[in-house]
Amino acid sequence: MTGKDKLPVLATPPQTPAVQETPATTPATAPATTPAAGAATLPATIARHEDETKAGRAGAAARAVARPEPTPESPSQGQSQGQSQGQPQSPSQSQPQSQPQGPAQDRDATARRILALHFPHFAIERWLRDATRRGEALPDDLPLALATDGPHGPVIHAVNRTAAQAGVQPGARVVDMRALCPGLRVEHADTGADRAALDRLMLWMRRWCPWSACDGAAGLVLDSSGAAHLWGGEAAMLRDIEGRLAVLGLTARSAIAPTHGAAWALARMGGLREICAPEALAARIAPLPVRALRLDADTVLMLQRLGLKTVGDLAAVPRISLARRFSRAALAQNPLLRLDQMTGRLAEPVNSPDDPPRFAVQSRLAEPVQDPTPHLPALCTTLCETLAVAGFGARRITLTVYRSDGEVSQVSAATSQPTRDAAHLCRLFDGRIERIDPGFGFDLITLAASVAETLATRQTRLDTASDDGTGIARMMDRFGARFGTQALRAPTLQDSHIPERREAWTAAMMASGAQAPEATATRPLPARHVRPLRLFSPPEEVRVIYAVPEGPPAQFVWRRVTHRVTRFAGPERIAPEWWRVPPGARLRDYYRIEDQTGQRYWIFREGVDGDGRGAHPRWFVQGAFA
Amino acid sequence: MQHPATPASGPRDADRTALLRDLAQRTGTMTQGYGARGHDTTDQDIHQATLAEVFAETVTDAAAVGFVFAHLEARSRAGKPLLWVQDRLSRRESGQPCLAGMGDPALLYLEVSRATDVLWAMEEGLRCTDLGGVVGEVWGNAPALDFTATKRLALRAEAHGVPAWLIRRAATPDLSAARERWRLASLPAAQDPDDARAPGAPVWRADLFRARWRATGQWVAHPEAAGLRMEHGQAGQSLPDTGPARTENRAAG
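So the sequences go chain by chain: A and B.
Residue numbering for the first sequence follows this note's numbering, beginning at 1 and increasing consecutively.
Residue numbering for the second sequence follows this note's numbering, beginning at 1 and increasing consecutively.
Don't read these hints as lab results, they were simulated from the structure.
Misleading hints may appear alongside valid ones.
Claimed, not checked - Selected chain A positions facing chain B (Cβ under 7 Å, derived; list incomplete): (1) Pro532; (2) Gly598; (3) Ala624.
In this text the structure is predicted, and so the values were computed from the model without any measurement.
We treat Cβ as the ideally placed atom computed from N, Cα and C, and that holds for glycine.
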C-alpha cells in the first residue's frame, strides 16, 4: 500500500505556463509558421488538461490540487479567436518595443478585451475586514483614518465614510485633520500588507479568466478575451465580479475595453460597469480628461496649461509635433505614448505573472482505512522529493483525508522556516491525526504544501552538527503544531517608558519569518530606574494607607494579606504617552517598596489628588523584584 | 564583597578562596557551579547541566525567579535564548517575566494551560541544544509532575547538556528525581549606599534540602554582576549554621 506507484505527484511544475508563451513570438512575425506553431501548441494544451482531469478526483481535490480553470475550452477559444484574426497576441509578452513595426499596421490591435478593476477604498476596506476578523469591528459612525509617515509627521492615507463626511481628506496631515475632526481615530496604514493582499486577490481573480496582473496600488487588470461568454457575456461577468468582491467587503469599479489604457480610464472615470466596443473606442475616449491617460501630475498640469483638456484635444494635435515635444520623455510623462496605448496603436499586453507552484501528493487506497498514520512517512518523503526538485521548502503543510462517505477533513501544520525534511514534517502531525473522525474509513489521502517558499541548498558547516538556529526553528514548529502558531512568543524591548508597553510580545514564528517587524533601536533606561523581574498584567489594585496627597505608601492590603512597608524608594514619575492615549490619562508615581517579610514589590499610584482627572487616585501592584 | 569571619574559617581557607578567586578572574574559567559535588572547586567538568527544582516559599516572591535566572544569565548572554514555560495559573498568580528587569536577554516564552503541557514543552526544549536553558513554572502539586516525569526531564537535560529548572509554587516537595531541590525566600535587602530608606541589592535565603552530588545546606545568596555569591550566614541574620568548616561558597553564573 505504501509503494511509490501509489503516490502520483500532482504538482504542476513551474515551467508548465511556458506552454502559453510558445505562440507569442513566432506567428506575429512569420505568418507562414502559424499552422505549425498552432499544431505544436495544441497538443501541449490538451496534455495539460488530461493531467488535470487525472488529478481531480472530487471537486475539492481539484481545487486543492490544480489551478481552477473556468473550463477546458477557454484557452483554445482564445487561441482560435487569435488565429482567426491572424495575430495571436500573447498576454505574457512583456516587451512591446520588441515588436516589429512593419506588420503592426495590418494587425487589429483592438481585438482583445481588457478588463480593468479599480478599488477606490482598498486600504480602508482591507483594514476594516481584518479588524472584523480580529473581533474589533469598528462601528460605522466612528471616524477612522489610516496614516503613513510623511516628511512632516503622519499623513492621512485612507479614510472611512464617516471621516470622509467629516471632511478628512487623504494626503492631509493628521494633526490638521484632528483639528477638523477631534474624535478621529488614526491607525497605522500597512501598505506592505495591502500590496500582499492585492497580489493574493490578483491570483484569486483567475477564476474568471486565466490572465491577471496588478495595476497600480489599488487596481487589477485582466485579459478577458474569449472568457466572457463562459459567464454569460461581458455585462454578466462584470456583475458577477463586482458581486463576489462585495462579498469580500471590497468596493470595485470595473470596465471592459479593447485596450488596457482605455479600460483603466473607464474603470475610474467612466460609467457603471462600462463596456466599450472596439468600433466605439475612439468616440468614447475623446471626452475623457487628460488625467485618464495615466500621466503623472506635472504632465497633466502642463497639458491643461497648454489648453489640452481632454483626450480628444490631444488626439487632434498633429502627431509629429507631439512626438518632437515629448521625444525623450519617459512613459509616465509622455502623452503620445500613453495615447497610443489607449488607442491600441502601441501594444500593451497584460503581463500576467505565473501561478506560484503547487506541491501536493496523494495516496489512493484500495479499501478504506481508519488510520492514515502508516501512510504519512511515504507521503512526506514524496512531497519532500518534489519540493527538492523544484528548489522549494514547505512553510505550511495540509493533510486532507477524504472519507468514503464524502466527508473531507483537514489537518495543517506550519513551520517557522521553509523545510523539506520528511521526518520533521511527519513529526508535526504527532498527536493530531487522532483528532480526525475516521467514520467508516477513508480511501484517499492528500498531503499538500499549501505555502511553499524557495529554499536554496546550502552547506553551512563541514561536520554533521546541526546548523545555527535550525534546532530552535524545529522546536518552534513542534510548539506551533501543538499549541498554535501564536503560542510561543519572543518578547523584544520597545521604545516606550510605560512599563507594560516597554516590551512587545510578538509570536516567535512571525519574528523569525519573512514579515519580521523591523528592529527599532531602543534607548536604554537610566541605571537608576530599576525594573522588576516579574510583571503582573494587568496590574492589581490594592488598598493603600499613605499620606495624602503625595506621600509614600505606609501599608497596603493585597490579596487579603496586609503588607507593612519598611523601606521604599521613589517616587519615579512616569507620565502617560500623550501622543497615543486620550487626554484624560493620569500619570503614575512608582515606588519600589520592601515589606516586613523582605519581599520587594513595585507599586504605583495612578494620578494625584486634585489633578482634575478623576476621583481619588488608586494604587496598583505592578511588579515584584527579586 | 563580604568575608564573614566565622571562627571555623582559618586563615588557610581564606587564602585558598582568595587564590581561587584571583585565578578565576585572571583566566576567566570560573563557570557556573557552586562547589559541585561538595567541593569548593571551579572545575567546569564537574558541574553538568541537569534538572533542578526550586520551591518558592511565597507565591508572589520573585526570589526563586531571580535565583534561577542568575544561574542561566551567562548562558543567555552568550547568545543562546532561554525557553521559559509557564502554566496559566502561575502567570496569573505570580506574573510574567519582565524583559526590562532581566536586562533584555534572548527569551522564548510559552504560556500553556496545564502542567502536562509545561512538561511536554520542556522536554521538547531540552532536545534543542541551541537553547541556553529551559525554565518551567508549575503551580501546585500537579499529578502529571511525578517521579517519572522529572526523571525524564533530568535524563534529557543531562543527555543534551541543557540546564533545566522547575519553579514550583504553592507546592509541597513530593517525590522527584530533580538532582537538586532548593527552597527560596527573600530576606531584607542590603543597605542602599545612597539612600538609607531604600532597599538595596537583593538578598535571598537559599535552602538546598536535597541534592544528589553534594552536601545539602543553607546559604544566603547575593546576586552580583559576576554571578551568584553564596555565604553561610550573615551578620544580623539568624541562620542555623549547618555547614561544616566551609565558609564561603561562590558561584559565578
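Go through the numbered hints given earlier and state which of them the structure violates, listing their numbers in rising order. When the structure is compared with the hints, none of them turns out to be violated.
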